[in-house]
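Produce the entire structure from the sequences given, and follow the hints as far as they go.
Residue strings, one per chain:
Protein chains: 4
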Amino acid sequence: MSVRVAVLGAAGYTGGEVLRLLLAHPAVEVVQATSGQFAGKRLDFPHPHLRGMGTLRYTPHDALESCDVLVSCLPQGELLQRWQKVSLLAERVVDLSADFRLDAAGHARWYGKHPRPDGVPAFVYGLPEWMGEALTNARHVAIPGCMAHAGLLALLPLLHSGLARPDVLVVDAKTGSSGGGSTPDRSSHHPERANALRCYKPVGHRHTGELEGVVEHVTGQKPTIHFSATAVPGVRGILATVHAFAARPVEEAEVVRAIATRYREKPFVRLLRPSASLSPFPEPGPLLGTNHCDLAVDVDAERGRIVVNAAIDNLVKGAAGTAVHALNLMLGRPETEGLGFRGLHPL
Amino acid sequence: MSVRVAVLGAAGYTGGEVLRLLLAHPAVEVVQATSGQFAGKRLDFPHPHLRGMGTLRYTPHDALESCDVLVSCLPQGELLQRWQKVSLLAERVVDLSADFRLDAAGHARWYGKHPRPDGVPAFVYGLPEWMGEALTNARHVAIPGCMAHAGLLALLPLLHSGLARPDVLVVDAKTGSSGGGSTPDRSSHHPERANALRCYKPVGHRHTGELEGVVEHVTGQKPTIHFSATAVPGVRGILATVHAFAARPVEEAEVVRAIATRYREKPFVRLLRPSASLSPFPEPGPLLGTNHCDLAVDVDAERGRIVVNAAIDNLVKGAAGTAVHALNLMLGRPETEGLGFRGLHPL
Amino acid sequence: MSVRVAVLGAAGYTGGEVLRLLLAHPAVEVVQATSGQFAGKRLDFPHPHLRGMGTLRYTPHDALESCDVLVSCLPQGELLQRWQKVSLLAERVVDLSADFRLDAAGHARWYGKHPRPDGVPAFVYGLPEWMGEALTNARHVAIPGCMAHAGLLALLPLLHSGLARPDVLVVDAKTGSSGGGSTPDRSSHHPERANALRCYKPVGHRHTGELEGVVEHVTGQKPTIHFSATAVPGVRGILATVHAFAARPVEEAEVVRAIATRYREKPFVRLLRPSASLSPFPEPGPLLGTNHCDLAVDVDAERGRIVVNAAIDNLVKGAAGTAVHALNLMLGRPETEGLGFRGLHPL
Amino acid sequence: MSVRVAVLGAAGYTGGEVLRLLLAHPAVEVVQATSGQFAGKRLDFPHPHLRGMGTLRYTPHDALESCDVLVSCLPQGELLQRWQKVSLLAERVVDLSADFRLDAAGHARWYGKHPRPDGVPAFVYGLPEWMGEALTNARHVAIPGCMAHAGLLALLPLLHSGLARPDVLVVDAKTGSSGGGSTPDRSSHHPERANALRCYKPVGHRHTGELEGVVEHVTGQKPTIHFSATAVPGVRGILATVHAFAARPVEEAEVVRAIATRYREKPFVRLLRPSASLSPFPEPGPLLGTNHCDLAVDVDAERGRIVVNAAIDNLVKGAAGTAVHALNLMLGRPETEGLGFRGLHPL
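Protein chains in written order, with the UniProt record's numbering: chain G, 1 to 347; chain S, 1 to 347; chain W, 1 to 347; chain R, 1 to 347.
To be clear, the hints were calculated from the coordinates, so they are not data collected in a lab. As the structure is a prediction and not an experimental result, all values here were calculated from the model. A hint or two may mislead.
One copy or any two copies: either way a pair holds, since identical chains are not told apart in the list.
Simulated pairs of lysine to aspartate or glutamate, EDC-like, Cα-Cα distance not exceeding 20 Å [said to hold, decoys possible]:
1) K266 x E335
2) K222 x E91
3) K85 x D62
4) K113 x D185
5) K85 x E335
6) K201 x E335
7) K113 x E29
8) K222 x E302
9) K222 x D167
Written out as C-alpha cells, the structure is:
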C-alpha cells in the first residue's frame with residue numbers, strides 16, 4: 001500500500017521537482033499539494049514538465065490534511081511559523097528549507113532574530129551518505145542547503161580521513177540561477193542575470209554555519225570554513241571547488257583511495273577517473289535531473305594543496321532528490337527507488 | 001525474451017540518446033554498439049550520461065554481428081555504402097540518417113550524385129502519428145529529419161483537414177546546436193556559436209524535399225513548402241513555426257478542433273491550451289529528454305493566416321525517441337514503452 | 001556650442017544606451033536626465049557601463065526644465081499623458097515609444113482606448129534610410145519599434161523595387177530579452193527565460209500596424225504583412241527573417257542589385273556578400289553596441305521565394321542609436337557622429 | 001606622424017581585438033597584419049567586427065617587413081622560434097604569448113623542454129599598474145596571461161601593503177571560452193561547452209608560475225599561490241576570486257583604503273563601492289570591450305579572510321587592451337588613448 005505524502009509549498013522550483021519525483025514513485029501516493037498563489041489550479045499550471053501527470057489540484061496551505069509524510073518546500077521561516085499546527089498532521093516531516101538545519105544557537109546566529117523556539121524537535125540532517133543510520137530511524141529530517149551539500153560531500157572524506165587540515169578550508173561554490181527560487185527580482189531579471197559572473201556572497205554566507213556545524217558534528221573536529229558563492233550563467237547546477245591543505249605530505253593516489261573507499265557503497269556519489277571519459281571533470285550538465293554527485297580529486301604535492309570538485313543538480317541532489325532519498329531511507333525502501341533517471345548529454 | 005538490438009555509429013549525439021533509451025528499455029537488450037573512433041572503449045566514454053549503465057564496449061563498425069534489429073546512427077551516406085553487407089545481419093533496420101527517407105528520384109535531387117542504388121528496399125517513413133499502420137508491419141524504417149519532423153506534425157493536420165492552402169506554406173525552423181552532430185568545426189566553435197542567431201539556410205535546405213514529399217504522400221496534395229532554418233543559442237531543441245494561409249475564412253476554434261481531433265489518441269503530441277499553464281507556448285525547454293511534441297495554434301482571421309508552432313527535442317522526438325517509438329510499433333510493444341521520461345523545468 | 005539635450009525616462013535600458021551615446025557625443029551636452037525611481041542618484045547607479053562618465057544625477061520627471069532637444073525613453077503612453085506640459089519645454093522632441101508612430105486611427109486600432117488626442121502634432125517616422133529628407137527638417141520624431149525597424153529595412157527595397165508581391169509578406173522576427181525592458185516579471189525571470197525558444201506573439205503583434213502603415217506610406221502600396229515574434233535565448237539582438245514572394249520570375253543577382261543600390265549611400269546598412277567573410281550571415285553578435293544593420297538576400301527561384309534577413313542590436317539601431325542618428329540629421333551634423341563604435345567579436 | 005605597427009598572427013581572437021583597437025588609434029598606422037591561414041584575404045574576413053575598417057589584407061608570416069613596433073599574437077612558442085629573424089625587423093616588440101613572461105628557469109619549469117634560449121633579451125612584464133616606469137622605457141614587453149593579470153591586480157595591493165600573508169593565497173579563476181582561442185576542438189564544441197561548469201585545471205596551471213614570479217618580483221616576498229581555473233558558460237570575461245588571509249587582525253575599511261590608494265591614479269582599475277550601484281559586484285558583463293578591471297573587497301574579520309574579486313574582459317584588459325596600454329606608455333602617448341570605449345549594459 002502506498003505511503004500518503006503531502007507536499008507543502010509545491011508551486012516553486014523545488015516543489016516542482018519533488019512532485020516530478022513523487023508522482024512517479026512506485027511506493028508513494030501524492031495526496032495533497034499546497035500553494036498560496038495557485039490554489040485551485042492543476043499541479044502542472046506552474047510546472048510545464050508535469051503536463052499529463054494526473055489531475056490533482058493545489059489546495060491552500062491552510063487546507064492541509066493529515067497524511068503519512070509531509071514534505072515541505074515552503075520558503076525559509078514559514079514552516080517554523082506553522083510548526084505547531086502542521087506537526088500534528090503528519091507522523092514524519094521532511095523539510096527542504098533552512099528552518100531546522102541548525103541547532104537553536106546556530107539558527108539564531110545565522111538566521112537572525114527568529115531563532116528556533118523551544119519545543120521544536122531536533123531534526124536529523126538529511127545527508128544520506130554520512131547520516132544514513134540516523135535517517136533510517138528519523139521522524140523529522142532537514143534537507144541540506146544545496147551549496148552546503150556539494151561542499152560537504154567533498155570536505156567530509158578529507159577531514160574524516162585526517163588527510164586535510166581542518167583550520168583552513170576554502171569552499172568556492174559556483175551556482176546557476178534556479179537556486180534563487182521562482183520569484184522574479186532585478187538580480188534574476190534575464191538581461192541582468194544571463195551573462196552574470198559575480199561573486200555575490202564573498203563572505204558571510206549562511207551556508208558557512210551549516211558547513212562548520214555539520215563537519216564538527218560528523219568528524220568531531222571544529223573546522224574553519226571559508227565559503228564564497230558565485231553566480232554563473234546557467235539555470236541549474238552547482239560546482240563546489242574545495243581547496244584544502246594536506247595535514248601531512250600526501251600523494252594524489254592516497255586521497256583518491258580515501259574518497260573512493262568512503263563512497264564505494266553509495267549509489268549516488270561517483271569519483272570520476274580521468275582516463276575513463278572524454279568528459280573527465282565533474283560538471284553539472286550530465287547530472288541535471290539526476291540525484292548524482294560527481295567528484296574529482298587533484299593534488300599539488302609541491303604546495304600541499306588538495307582540490308576536490310563536486311558537481312550536483314541543485315534542485316535534485318541539492319534538494320528534491322535528497323528529500324526522496326531520505327524518504328526512501330525513512331520508509332525502508334530501496335535507496336534509489338524513484339531516482340533512476342540518469343541524465344542527458346549534451347544539454 | 002528480449003529483442004536483441006545493435007546500434008551502428010553509437011558514439012555521436014543521436015547514438016548516445018538511442019543508447020540511453022534502449023539500455024533502459026524493458027523489452028530490449030543492447031547486444032552491440034559500434035564506433036570507428038572509440039572501439040574498445042566503454043559505452044560511456046564519449047557519453048557521460050551513460051555512466052553506470054553497464055560495461056558494454058564499442059566494437060568497430062565492421063565487427064557488426066547478426067541481431068534482431070539494427071538501429072543505425074551513421075552519418076548521411078554511410079549506411080547506404082554498407083547496405084549490402086549490413087542488410088544481411090538484421091531482420092529489421094531503423095535508420096536515423098537521410099539515406100532512405102526519399103525515393104530514388106528525390107534522393108538524387110537533394111542528396112546529389114550518390115542516389116539510392118537499385119535493389120534497396122523502400123523504407124517506411126517513421127512518422128508514427130501519420131504512418132502508424134505502415135510502421136506496425138515495417139521491416140525497414142527511415143526516421144524523419146528533426147526539423148522536417150516538427151514541421152510535419154504542424155503542417156499535416158492543416159492540410160489533411162483542408163483548412164490551409166497547400167500552395168504557400170512557410171516553415172521557419174529555429175534550432176539548437178546539437179542537431180549539427182558531435183564533430184567540431186568553426187561554426188560550432190563555442191565563441192562563434194554561443195550567441196548565434198543566424199538564418200544559415202534561408203533557401204535550398206534538404207528538408208524541403210522531405211517536407212514536400214511526405215505531405216504529398218500523406219495528403220495526396222502537391223504542396224509548395226518554403227523552408228528556412230535558423231540557428232539560435234542553445235544546445236537542444238527545435239521550434240518550427242508554420243505560417244499557413246486559410247483555404248477559406250476560418251475561426252481559431254475550428255483549427256484547434258481539427259488538430260486536437262487528429263492527435264487525440266496520440267500519446268506524444270499535445271495541443272497546448274493557453275489558459276491551462278503559466279507557460280502557454282510550445283517551447284523545447286520542458287520537453288528536453290522527452291519524446292513529446294507540443295503544439296499551439298493561432299489564427300489572424302483578418303489576414304487569413306494560421307500559425308502553428310511545434311516544439312520538440314531534436315535528439316529525442318526528432319531522432320532517438322522516434323526510433324524507439326517506431327521500434328515499439330514494429331515489435332508490437334506499447335507505444336510509450338521506454339519513453340516515459342517527462343522532462344525537467346526549469347532547465 | 002553644444003546642443004542641450006534632456007533625456008526623459010533615462011533609467012531603463014534604452015535610456016542607458018541613449019545616455020552612453022550622448023555623453024560621448026561631441027556636439028551634445030546632456031543637461032538633464034529624469035527617473036521616477038532613481039531621482040537623486042548618479043546616472044551610473046542603474047547603468048554600470050556609465051561608471052566614470054560624469055557626475056550628473058537623475059531628477060524627477062516633473063523637474064524637467066527647458067532644453068534644445070528632448071529625448072524621451074518613457075514607456076508607452078507616458079509621454080502622451082505629459083505631452084501638454086512637456087512639449088512647451090523643448091523645440092525638438094525625439095520619442096522612442098510607440099506614442100507617436102501611428103496616425104490617430106492606427107493608434108486607436110493597435111494601442112486601444114487611449115488614442116492620440118487632437119492637437120498632437122504629426123511626428124516624422126524616424127527611419128533614416130527612408131525618411132532622410134523629412135528628418136532633416138523635423139521638429140518631432142518617432143523612433144521605430146525595434147522589430148518593425150529590422151523588418152522595414154528588409155521589406156522596403158523589395159516592395160519599392162516592385163520585385164516582391166505586397167499581398168503576402170511574412171516577417172518572422174527573433175528577439176533577445178532586453179527588448180522587454182528593465183522591469184522584472186515571470187516571463188523574464190532568468191530560469192524561465194534563459195533557454196526560451198517561444199513564439200510569444202504569433203499573430204496580432206502591434207508592430208503589424210506599424211509595418212503595414214509605413215510600407216504604405218513609403219511605397220504607396222497597401223501590403224498585407226504577417227508578423228510573428230519569437231523569443232530566443234540571449235539578451236540583445238534581433239534577426240528579422242522576411243519571406244517574400246517574387247512578383248515575377250527573378251534571379252538572386254537582381255534582388256541583390258536592387259537592395260545594394262538602395263543602401264549604397266547609407267552608412268549603417270550593409271548587404272553582406274557570402275564570399276567576403278567566414279561569418280557570411282547577418283547576425284546580431286558582431287553588431288552589438290553598433291548602429292549597423294546587416295542584410296543578406298537569398299532567392300529560391302524554383303519556388304519564387306525571396307528571403308531577406310536583417311540583423312540589428314535592438315537597443316542601438318533598434319532604439320537609442322537611431323535616436324542619435326535622427327538627432328544628427330535634425331541638427332545638420334554628420335550622420336555618423338557619435339555612432340562610430342564598430343562592435344566586438346567574439347561576444 | 002603615425003607610428004607604424006605590424007601585427008603578427010592577427011587572425012585569431014586577440015589579433016582581432018588588437019586590430020580593432022589599433023585601426024582606430026589616432027597615433028598608430030597598422031601597416032601589416034599576418035596570417036598563415038588567411039593570407040590574401042581582407043582583415044575582416046575572419047573578424048566580422050572589422051567590416052568597413054579599411055582594405056588591408058593579410059600577408060604570410062614570412063612576408064613581415066620592418067616597422068616601428070611589432071605586436072605579436074602568435075600562439076605560444078611560435079615567436080620564440082622566429083625570434084632571430086623577427087627581432088631584426090622592429091625596434092620595439094609587444095608579445096601577447098607566454099614566450100617571454102618568465103625568466104629562463106621559470107620558462108623551462110612551466111613550458112617544458114623548449115626553454116628560452118640564450119641571447120633572448122629580458123622582456124618587461126606588461127602590467128601597467130605595477131610596472132609603469134619600466135614600461136615607459138621598454139623596448140620589449142610581454143603582456144601578462146589573462147587569468148594571471150586579473151589575479152595580480154587583486155593580489156598585489158594585499159601583499160604590497162603587508163595586509164595578507166604571502167604563504168597561503170588561493171586564486172580561483174572563472175573564465176569564458178574565448179581565452180581558448182579560435183581553433184575548434186571537442187572541449188570547445190558548442191554542445192560540450194555551452195553549459196560547461198568545470199574546473200579544468202584544479203592544480204598545475206602554468207599561470208601559477210607567472211603569479212608567483214611576478215609577486216616575488218614586485219613585492220620581494222616569495223609567495224605560495226594556489227591557482228585553479230574553472231570554465232564557465234559565456235564567451236568573454238574572467239572573474240578571479242582571491243582568497244587571502246590577514247597577516248594581522250584587519251577591518252574591511254583598512255583593506256579598502258589600501259587598495260583604493262594604490263589604484264587612485266590608475267585610469268583602468270576601479271574599486272567598486274557597494275552603495276553606488278544596483279550592480280555592486282565586479283563582473284565582466286559591463287566591462288566587455290573595455291580595458292577596465294573592476295575590483296571589490298570583502299573581509300570576514302571573524303575568520304581572518306580577505307576576499308578580492310577582480311573582473312576583466314580577457315581579450316581586452318587581459319590581452320589586446322593591455323598591449324595598446326603598454327604601447328601608449330612606450331611611445332609616450334596618453335595612457336588611455338585608443339582605449340576610450342566604456343562598455344555596454346545589458347549584454
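Within, between, both or neither, where K222 and E91 count as close if Cα-Cα is 20 Å or less: Neither. Shortest intra-copy (34 Å) and inter-copy (61 Å) distances fail the 20 Å Cα cut-off.
At 20 Å max between alpha carbons, let me know whether K113 reaches D185 within a copy, between copies, both or neither. Answer is neither: 24 Å inside a copy and 31 Å across each miss the 20 Å cutoff.
Alpha-carbon proximity context of K266 and E335, limit 20 Å: within (9 Å within a copy, 35 Å between copies)
Checking K222 and E302: alpha-carbon separation at most 20 Å within a copy, between copies, both or neither? Intra 27 Å, inter 15 Å, cutoff 20 Å: inter-copy only.
Checking an output row: K85 and D62, CA cutoff 20 Å. Within, between, both or neither? within (9 Å within a copy, 52 Å between copies)
Treating 20 Å as the Cα threshold, decide for K85 and E335: within, between, both or neither. Neither: 31 Å inside a chain and 46 Å across chains, both beyond 20 Å.
My question is about K201 and E335: at a cut-off of 20 Å on alpha-carbon distance, are they close within one copy, between copies, both, or neither? neither (34 Å within a copy, 34 Å between copies)
One pair to classify: K113 and E29, alpha carbons no more than 20 Å apart. Within, between, both, or neither? neither (38 Å within a copy, 51 Å between copies)
Since the copies are identical, ignore which copy is meant and state whether K222 and D167 lie within 20 Å (CA to CA) inside a copy, between copies, both or neither. Close inside one copy (8 Å), not across copies (23 Å); limit 20 Å.
Going down the numbered hints, you'll see the structure goes against 2, 4, 5, 6, 7, while the others check out.
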